[in-house]
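As you go down the protein sequences, you meet chains A, B, C and D in turn. Using the UniProt record's numbering, the first residue of the first sequence is number 1, and each one after it goes up by one. Using the UniProt record's numbering, the first residue of the second sequence is number 1, and each one after it goes up by one. Using the UniProt record's numbering, the first residue of the third sequence is number 1, and each one after it goes up by one. Using the UniProt record's numbering, the first residue of the fourth sequence is number 1, and each one after it goes up by one.
No lab work stands behind these hints: they were computed from the structure. Don't take every hint at face value.
Derived pair list, reagent style EDC-like, types lysine to aspartate or glutamate, alpha-carbon separation capped at 20 Å [said to hold, decoys possible]: (1) A/Lys239 - D/Asp272; (2) A/Lys174 - B/Glu335; (3) B/Lys320 - B/Glu335; (4) C/Lys263 - B/Asp253.
Computed far set for chain B versus chain A, every beta-carbon distance over 10 Å [what the hints assert, rightly or not]: (5) Arg100; (6) Arg103; (7) Phe110; (8) Asp112; (9) Gly142.
Idealized CB from N, CA, C, for every residue including glycine.
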Amino acid sequence: MSARPFSAWNHLLRRPVSAAGLGVVALLVVLAVLGPHLAPYGPNAVDVTRALRPPSTEHWFGTDDLGRDILSRVVLAARISLQVSLVSVGIALVAGVLLGLLAGYFRGWADTVIMRVVDVVFAFPIMLLAIAIVAVLGPGVTTATVAIGVVYVPVFARVTRASALALREEPYVKAAAAIGAGPLRIIRTHILPNVSAPVIVQTSLSLAFAILSEAALSFLGLGVQPPQPSWGRMLFDGKGFTDAWWMSVFPGLAIFVTVLAFNLVGDGLRDVLDPRQRSAMESRRGR
Amino acid sequence: MSSTAGPGEALDNRTGPLLDVRNLCVRFPGPREGRHRSWVHAVEDVSFTIERGRTLGLVGESGSGKSTIGNALTRLVQPTSGTVRLDGQDVLAARGARARELRRRIAMVFQDPYASLDPRRTVGATVREPLDVHRMLSGRAGRKRRAAELLDLVGLVPETAARYPHELSGGQRQRVSIARALAADPDLIILDESTASLDVSVQAQIMNLLRELQDELGLTYLFVSHDLAAVEHMSHHVVVMYLGRRMETGTTDHLYSRPAHPYTQALMSAVPDTDPATERNRERILLGGDPPSPLDPPSGCVFRTRCPLAAGECAEPVPKTAVSGDHDVWCVRTEESLSPERLRRFVH
Amino acid sequence: MNAPGFAVQDLTVVLGRGRRAARVVRGVSWSVEAGRTLGVVGESGSGKSMTVLASAGLLPPPATVTGSALLGGRDLLKLSRRELEGIRGRRLGFVFQDPMTSLNPLLTVERQITEGIEEHLGATRRAARDRARELLATVGIADPDRRLDAYPHQLSGGMRQRVMIAIALSCEPDVLVADEPTTALDVTTQAQILDLVRERQERMGMAVVWISHDLAVVGGLADDVVVMYGGQVVEQAPVETLHGAPAHPYTRGLLGARPVLGKRRDRLTAIPGTPPDPRALPPGCVFFDRCPVKGDPRCETEVPDLLEVGRRHYTRTFCPEDQ
Amino acid sequence: MLRFTLARAGHAAAVLLGVTVVVFALMHLVPGDPVRVALGTQYTPESYQALRSASGLDRPLISQYFHYVGSALTGDLGVSFRTGEPVTLVLLERLPATLSLAFAAMVIAVGLAIPLGVYAATHQGRISDTIVRVVSQFGVSVPDFWLGILFILLFSSTLGWLPPSGYVPLTEDPLGWLSRVIMPATAVGLVSGAIITRFVRSAVLESLGSEHARTARAKGLRQRIVRSRHVVRNAMVPVVTVIGVQAAILMGGVIVIEVVFAWPGLGRLTFDAVSARDYPVVQGAVLLVAALFLLVSMAVDLLYARIDPRISIR
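Given the sequences, and given the hints that come with them, work out the whole structure.
Shown next as structure tokens:
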């Protein structure tokens, strides 16, 4: 056992599967940042004479119906995908954790109101609500980001509330209260550090779902707007070209690998950080 | 208000008891039945005092309300009625700085050494927390030095400060809990089943440590436990509780040698004797059934539904009866239970 | 020796593999005859429960068990899974520590009692129900008809443990293994359960293995006591001998550590330190670093043998207390 | 049990009321004037007024809301901006296609997940467990609409085994329905199935290690009985909840998959309505799906209470 209890990084990197997930995430970040310098062609370098070429040494992923290089578009779409999912999960994280803490630690009417609203939002299939929000606000990157963020707020609120509720009953939180520590101090020193584990896990898993949601919205024409490349929209465009399988396979593969990477990291984090497993371990040691 | 209680402070109060609890009631909302809301009577009309430097043992089985009393004193639960005075100051009515000062003076050690320390904070941070909360000892260095002193006091090496709870054994963790409780120079320490989840050999270490600390620092304890032998070992005075009520109170010596309440007698006779020979040959009082629900306690004596001596009069309110000077019992049949041939059953 | 007793011989249990392997039980031997009670005493991590769970095949897979566990002339460790299933519940009944988690929350009391009876005795559902009702009455549950249809959460802790005992005794086993069955209960309830087990044993004549951390509980119940520490038997004796003339420093420490009702002392004789880690056991006596005696140069380097120091009295130390 | 059912139904009704508020509010969040937007190039002051009063948009907001809820209760969800048809009729026409697809997907998901999850858990650490874990990890991460596209590429375009799209009602031509539903249902079902599989596996693992399972073994019950009566049965309690939650996620997947397979259900309808800014239809579809989902989760809770005797007590 390591000296510090939460050297999550080391634990994570020691697990080959999680390390692979982290590697892919790192690669994606590199693509997102350096994409324009790495892509062999411009995203909208239309060349109808080269339309619908299968994969070759010149165009590794082939070309689309307008002769655009699919590899370049896949690479350049990484940035927008990551951007939408990071920002939307960021919105959901901040709002959800705040609401969850408010509901879970202070209970009372705040809890009642927040949880009723959460129940209502949970009554909609997530995708449907996102579509409805985008439908109302008009399609585009910003509205898609907001829509995905809004539908994930309740997820974070629930996770945080559940942890806060459980932590409130922990003897060490009671011990702090018995000493005379005020609610703000207790939240800062005892609750927040201890809810962070499930919230971090949820963040990673939500990033995966957000990538999927963004792809689905863009597929439906409600997210990223052409001509800006996006994985979801590329799939929609390729749908009609049943002979040009590469138009459908590679953008989809990009989504799949990205989502898989975030899921692997999330699962790894859960195993390393999950408080239930940890406490189960400790109680076994205890008696 | 100075943060460290000097010997000259509050001399005027030194004559009275340190802690004076009167008519404490704690009720929790129970399930709702239609429009009628039922109440869990966790603690009903409990009074006791603790003299400075002494230990009061609060003994009872699960559901007796003994832990709720500890929680009420540290204001983890809000009492329904009653008063709590520390050195003559009303603890429950205090607000603001005064309330914080009173909180400083009442500390608590919890049962589960695995759950009562924050897994993400070092031992040092945990022990320093009361100092931080009460803004005692300005300066990091001063607080660190104090933490090291405290660890030394409870028999841990100073290096322990840098370690995390999961690296310690149960006994070591409980020592950390005690160091935390001592940090802010409290007058009263509530020990809520503080040795219950430790192994026998470690329990003894902790009980010895607590007694040494009491002698050294003049501490006052409220020792809450289900363990009759441990309570006898630790306490000067004892309160026996059942279903939120006092059954019997008295000095430890008197109460343990002449238990007057049938419940106390049953409780004592249920403790297995370490000597196999006496254990086999003695008669014991076996109680039938289980305690009634605290949602709907019986009228009069709450023990009457399981009491071997119960009679019709037990359904009436029970007056306090003095057994001797410092020994009271809440039982109208106590003459019955004091009869010599009944006593012989468990006095060996 | 009486035939339907239970004996473990040189039982060793290793949990996990490689560097993290924990030797939780090391060469434990004891036996108990029909109608007699063996108390197995030790603190957490002493291997007291592991010994019995391992011999009945109730440990989760990454455990290596060697030695033998003899019941009715058969070695349980050599039986196939199917054969072992025929022994468990039929000839070997179990009662565990926490009756809340040990009973299935989704099944009625009736079903949890009858399934074993149907399995082992081939009883019909109706016959099994009648038997279950009878059993509840014999373990002291009032109104058994109503309780048959109850779910565990509707019963009190004491009643749940009575149900567990009814299940364990349902097929009239040769051996009852009780693994800390009163630890989770209040002291008055504990007294009820102890009384019940004593009474049942007198009627049915089975052997009882009572595992506990509490020497006092075992004192009133057992004929013989085995004291375990760090996976080994450190002392074994008839109960009177063990309490009257304990030979091992650890046993003496345990006896002195508990406050005794009616016998007040200023200090308890605490044992300093903490029990050893089964993944990193000392080369010599397991108790060495906590031992107040350390009266022999071999203590630190050699593991002492379990030697006879009196009639049926064995202890594993280089410095047994003078008798 | 009756009291539990009533309490649960009361809760669902309250949430549904909240849902109507959200759905109603969505409509009124539309930047600009929805009627004007909807009319687009066909805008004339007369047609504007006509559509506006027909939709009740000329009244105060509160009264509009009560009117909306009142009408919804009587089954009136307004008229489509685009076709002028009653929204309720439009929705009812599309409902069977969606329900049959969702149902088929759920059957595939649960039908795969429970046996696979149980098998993996009872063979923990073996190669078969690893395979199930890897495949379900992939399944969780794959976008269902991409899976649908791949299916079309493989089974329709390349192999020519199945029709690439279209819909035949189940009642008219069961075999035709089956040949068309199999690809979209599998695409959605595999993803949900993967999520449920992982959950089943961990629930069964936990149940295998539980103390009551140890008691069952200590009774000498045969392994098969221990597993079916004590391990899997208890593991199903949390699994039921997850299946309920998955029903919602699956409905979301169905919307997109309907677009891929030109499946004339609510999803396709919503998609078209969003593109055409036909707000009453969007509103109606969202409300209907939310109501359906509430119904499902209520059914799940009641099922939960039937399995777990501890629930109905509360």
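For the pair supplied as a hint, lysine 239 of chain A and aspartate 272 of chain D, is the alpha-carbon distance within the 20 Å limit?
-> Roughly 17 Å between the alpha carbons, so the hint for lysine 239 of chain A and aspartate 272 of chain D holds.
Say whether it holds or is violated: phenylalanine 110 of chain B keeps its Cβ farther than 10 Å from all Cβ of chain A.
-> Per Cβ check, phenylalanine 110 of chain B is inside 10 Å of chain A; nearest 5 Å; violated.
Has the given pair, lysine 320 of chain B with glutamate 335 of chain B, been kept, meaning a C-alpha gap of at most 20 Å?
-> The hint holds at about 13 Å.
Taking 20 Å as the top limit, are the C-alpha atoms of lysine 263 of chain C and aspartate 253 of chain B close enough?
-> Holds - the C-alpha atoms of aspartate 253 of chain B and lysine 263 of chain C are around 10 Å apart, at most 20 Å.
Holds or violated: is the Cβ of arginine 103 of chain B farther than 10 Å from all Cβ atoms of chain A?
-> Per Cβ check, arginine 103 of chain B is inside 10 Å of chain A; nearest 3 Å; violated.
Find the nearest Cβ of chain A to the Cβ of glycine 142 of chain B and say whether that gap is larger than 10 Å.
-> Per Cβ check, glycine 142 of chain B is outside 10 Å of chain A; nearest 18 Å; holds.
Keeping to a limit of 20 Å between CA atoms, is the pair of lysine 174 of chain A and glutamate 335 of chain B held or broken?
-> Not satisfied, since the Cα-Cα distance of roughly 44 Å exceeds 20 Å.
Hey, is aspartate 112 of chain B genuinely clear of chain A, shortest beta carbon separation above 10 Å?
-> Since the minimum Cβ distance to chain A is about 6 Å, aspartate 112 of chain B lies within 10 Å and the statement is violated.
Would the least Cβ to Cβ distance between arginine 100 of chain B and chain A come out above 10 Å?
-> The claim is violated: arginine 100 of chain B sits with its nearest Cβ about 5 Å from chain A, within 10 Å.
The structure shown violates the earlier hints numbered 2, 5, 6, 7, 8.
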